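Based on the provided sequences and hints, a complete structural model is requested.
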Amino acid sequence: MVVTDEKTIENTDWEPRIVGFLCRWCSYAGADLAGISRLDYPPNSIFIKVPCTGRVDPTFVLKAFADGADAVFISGCHLGDCHYIEGNYKTMRRFEILKETLKQLGIHERRFQLTWISASEAQKLKEFLTSMTSSIKELGPIQLPILAPLQKEDKQDD
Amino acid sequence: MVNITINDQEYDIEEGKTILEAAQAMGLEIPTLCYHKALSPYGACRLCTVEIELNGRTMYQASCQYLVEEGMNIQTESERVVNGRKKMIELLLARAPEAEDILDLAYKYGVKDTRFLKEFDDVCILCGLCIRVCHDRMGFKAIEFINRGIERKVSLPFEDFHEVCRTCGSCSTYCPTGAKAVQLENLTHHTPRPILSEFDQGLATRPAVYTPFPQAVPKIPVIDRNNCIHFQTGECKICQDVCEPDAINYEQEDEIVEREVGAIVVTTGFDPFDPNRLPQYGYGKYPNVITSLEFERISSASGPTEGEIIFPGVTEIKSAAILHCIGSRDENTNRYCSRLCCMNALKAANLIRDKLPDSHVYEFYIDIRAAGKGYEEYYQKMLRSDIRIIRGKVAEITNIPDLPEDEGRLTVVAEDTLLGAILRVPVDLVILMVGIEPKKDARDLAHILHLPCTEEGFYNEKHPKLAPTETVIEGIHVAGACQFPKDVPDSVAQGESAAAAVLSKIARGEYITEPTKAEIVDDHCSGCRNCIGLCPYLAISFDEEEEIAKIDSALCQGCGVCVASCPSGAIIHRGYTDKQIFAEIEGVLER
Chain A
3 MVVTDEKTIE NTDWEPRIVG FLCRWCSYAG ADLAGISRLD YPPNSIFIKV PCTGRVDPTF
63 VLKAFADGAD AVFISGCHLG DCHYIEGNYK TMRRFEILKE TLKQLGIHER RFQLTWISAS
123 EAQKLKEFLT SMTSSIKELG PIQLPILAPL QKEDKQDD
Chain B
277 MVNITINDQE YDIEEGKTIL EAAQAMGLEI PTLCYHKALS PYGACRLCTV EIELNGRTMY
337 QASCQYLVEE GMNIQTESER VVNGRKKMIE LLLARAPEAE DILDLAYKYG VKDTRFLKEF
397 DDVCILCGLC IRVCHDRMGF KAIEFINRGI ERKVSLPFED FHEVCRTCGS CSTYCPTGAK
457 AVQLENLTHH TPRPILSEFD QGLATRPAVY TPFPQAVPKI PVIDRNNCIH FQTGECKICQ
517 DVCEPDAINY EQEDEIVERE VGAIVVTTGF DPFDPNRLPQ YGYGKYPNVI TSLEFERISS
577 ASGPTEGEII FPGVTEIKSA AILHCIGSRD ENTNRYCSRL CCMNALKAAN LIRDKLPDSH
637 VYEFYIDIRA AGKGYEEYYQ KMLRSDIRII RGKVAEITNI PDLPEDEGRL TVVAEDTLLG
697 AILRVPVDLV ILMVGIEPKK DARDLAHILH LPCTEEGFYN EKHPKLAPTE TVIEGIHVAG
757 ACQFPKDVPD SVAQGESAAA AVLSKIARGE YITEPTKAEI VDDHCSGCRN CIGLCPYLAI
817 SFDEEEEIAK IDSALCQGCG VCVASCPSGA IIHRGYTDKQ IFAEIEGVLE R
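Sequence lines, in order, name chains A and B.
Counting from 3, one number per residue, gives the positions in the first sequence under the numbering used here.
Counting from 277, one number per residue, gives the positions in the second sequence under the numbering used here.
Some hints here could point you the wrong way.
[As the list claims (entries may be wrong)] Pairs of lysine-lysine, DSSO-like flavour, derived with a Cα cap of 27 angstroms: (1) K741/B with K51/A; (2) K128/A with K388/B; (3) K738/B with K51/A; (4) K388/B with K362/B; (5) K715/B with K741/B; (6) K126/A with K741/B; (7) K657/B with K623/B; (8) K855/B with K51/A; (9) K738/B with K126/A; (10) K781/B with K741/B.
In short, the hints are calculated from the structure, not lab data.
The model shown is predicted, which means the values in this text are computed figures rather than measured ones.
Following this line, the structure appears as structure tokens:
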């Protein structure tokens with residue numbers, strides 16, 4: 003078992019890396035609006051566009067954690083507002099199960115979040131990202147020792 | 277065919293017709309009281325008596341009963357006929373001096389008074405129309421003539437209420453004295469239940485055969501099966517007899533028509549907010565608390581009151597209150613703005629001031645939303661008029677007056693938020709400007725068409741700016757208030773835009789859809805059918821032969837729900853494949 007060196011991380015100016023899965027219709031458009039509105043929000047999050055939060059396969063989340071993300075969030079249309087009728091309801095159900103699984107893997111529940119942000123809610127997105135980033139900063143870097151070698155093996159296979 | 281002469285004019289008439297029918301067909305007028313096209317002739321009133329010359333003999337006969345014969349020479353307005361008619365009118369006048377139809381006839385024939393004793397202050401002229409319609413057409417036989425001679429009158433068997441009466445109301449409808457002679461409440465112990473007109477917001481009644489509203493498309497009458505006597509007893513059929521083009525068909529059934537179409541435009545409209553949900557405004561409790569739609573009918577010249585603003589129980593409207601935002605912009609009901617009520621409220625105020633110039637009108641608003649061509653100018657004009665426009669939401673409407681002279685009026689309790697004062701305004705009329713809500717069954721239709729809805733139940737357009745009439749389902753467009761509250765100009769504009777968009781697509785002959793759709797890799801599919809129930813568009817079906825799932829790419833909208841759920845990874849989402857997204861994740865997390 004390889005243990006990641008905590009000291010090296012503490013010594014550098016550590017910043018959390020957060021991966022967000024944003025639905026194309028609401029949250030991604032909301033992020034666009036945040037940009038157009040020149041809102042300041044922490045640059046720690048990187049967004050991946052999906053057609054609907056229902057497209058978010060649990061493996062995407064696991065992959066992001068495996069590749070070193072400190073936190074992952076999913077953001078979609080408000081309930082009842084889904085452009086694909088009910089995709090976000092399916093996400094909601096999957097999220098609860100996946101959160102339990104991640105907890106068992108030792109991932110703090112604050113590291114995996116689900117939120118509903120509409121295309122007009124740039125301010126809400128900003129507030130969400132600000133609070134999420136600061137809460138992840140409090141938690142510190144993710145400690146998943148066993149995942150590092152696995153990741154290398156994966157790459158060797160390719 | 278028989279050849280007859282009426283008033284020195286020769287006509288060819290079909291055999292078996294009565295003289296009256298022949299004359300009416302030729303456009304000649306013979307006065308009648310007891311005749312009705314749908315009923316057998318009775319000859320009670322004798323007003324239709326004409327002079328007939330046949331084979332050198334002259335006779336006087338009731339034209340409603342006498343059949344045409346070859347060579348008849350008929351005079352309908354000869355001196356003796358008119359004199360006889362005048363005498364009939366005098367006799368009828370003696371019997372029923374108050375009956376309007378008879379007074380009209382008397383005026384027409386210059387009969388000023390009757391020489392006979394006015395022994396009866398009755399209005400019934402014993403024409404028997406009510407009895408004939410009840411017996412011959414309705415088949416109920418609930419009323420009958422009783423007694424003889426001067427004692428004769430329309431009554432119930434043994435002068436007692438009986439169960440056979442269905443309170444259909446035909447007797448009073450057919451009464452030529454305007455239902456004064458036969459009144460339902462004297463004939464039955466059932467409470468007559470009038471059919472309320474849906475178009476007139478229940479403020480007027482309508483018959484069982486009716487045109488839904490004056491601008492209905494197609495503008496043809498329909499039969500209300502639930503209330504039509506024919507559909508309950510099999511009798512009546514009067515409308516069939518009266519309809520000259522023979523257009524009545526009782527056999528017609530509701531049918532489900534299946535059509536293959538290239539596009540659908542959804543324009544299902546809205547439901548007005550039900551003010552019963554806000555009991556503090558007393559709707560349904562006080563008769564003079566009405567909705568904006570009811571006011572629209574009352575103020576309409578073609579409405580139940582012919583445009584007069586009157587209510588039962590209210591003698592004079594000295595002041596009126598108009599309440600904005602009933603069921604709009606309210607955390608307790610709907611949070612959105614219904615957009616059209618502000619201008620409608622200002623219009624209503626203007627109408628009241630026009631029709632009742634001495635009245636005071638109070639508007640209670642939260643904010644005035646006057647966005648639209650000419651709307652702000654109208655609002656400014658209203659501000660300069662003597663209509664009192666008060667900023668404040670009404671808390672309550674009560675019938676407990678502050679001053680004894682306001683007994684019987686309503687009191688509007690509100691805060692004027694600009695003055696910071698509580699107002700208690702006595703009024704005689706309250707108009708609730710009800711908001712717009714999605715149709716009650718909007719979600720059912722959304723489910724059928726797989727349309728996404730907002731939280732409230734309005735249909736979602738594909739993009740508010742770039743595709744305002746399109747939906748995420750290719751080929752289905754929306755227009756009007758089913759998308760969100762809209763006034764008439766906006767709905768017309770969107771409707772035309774949707775029609776044009778649909779036509780341009782139909783003209784092209786094929787649809788161009790987005791390429792990001794799901795696809796099944798046949799070899800990988802294990803046939804677990806997990807995806808089938810998940811697809812909101814029912815695009816996935818199960819191929820029983822190959823035992824794998826199949827996706828109809830025309831129906832698939834590319835949401836990717838099935839892709840994420842496939843346990844064997846057999847579904848590929850073009851444009852968002854697992855590999856692409858994994859690469860993205862790796863890319864963004866590369867150190």
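Do the hints match the structure? See the list:
no.: 1; hint: K741/B with K51/A; verdict: holds, 21 angstroms
no.: 2; hint: K128/A with K388/B; verdict: violated, 91 angstroms
no.: 3; hint: K738/B with K51/A; verdict: holds, 18 angstroms
no.: 4; hint: K388/B with K362/B; verdict: holds, 10 angstroms
no.: 5; hint: K715/B with K741/B; verdict: holds, 24 angstroms
no.: 6; hint: K126/A with K741/B; verdict: holds, 22 angstroms
no.: 7; hint: K657/B with K623/B; verdict: holds, 11 angstroms
no.: 8; hint: K855/B with K51/A; verdict: holds, 14 angstroms
no.: 9; hint: K738/B with K126/A; verdict: holds, 23 angstroms
no.: 10; hint: K781/B with K741/B; verdict: holds, 19 angstroms
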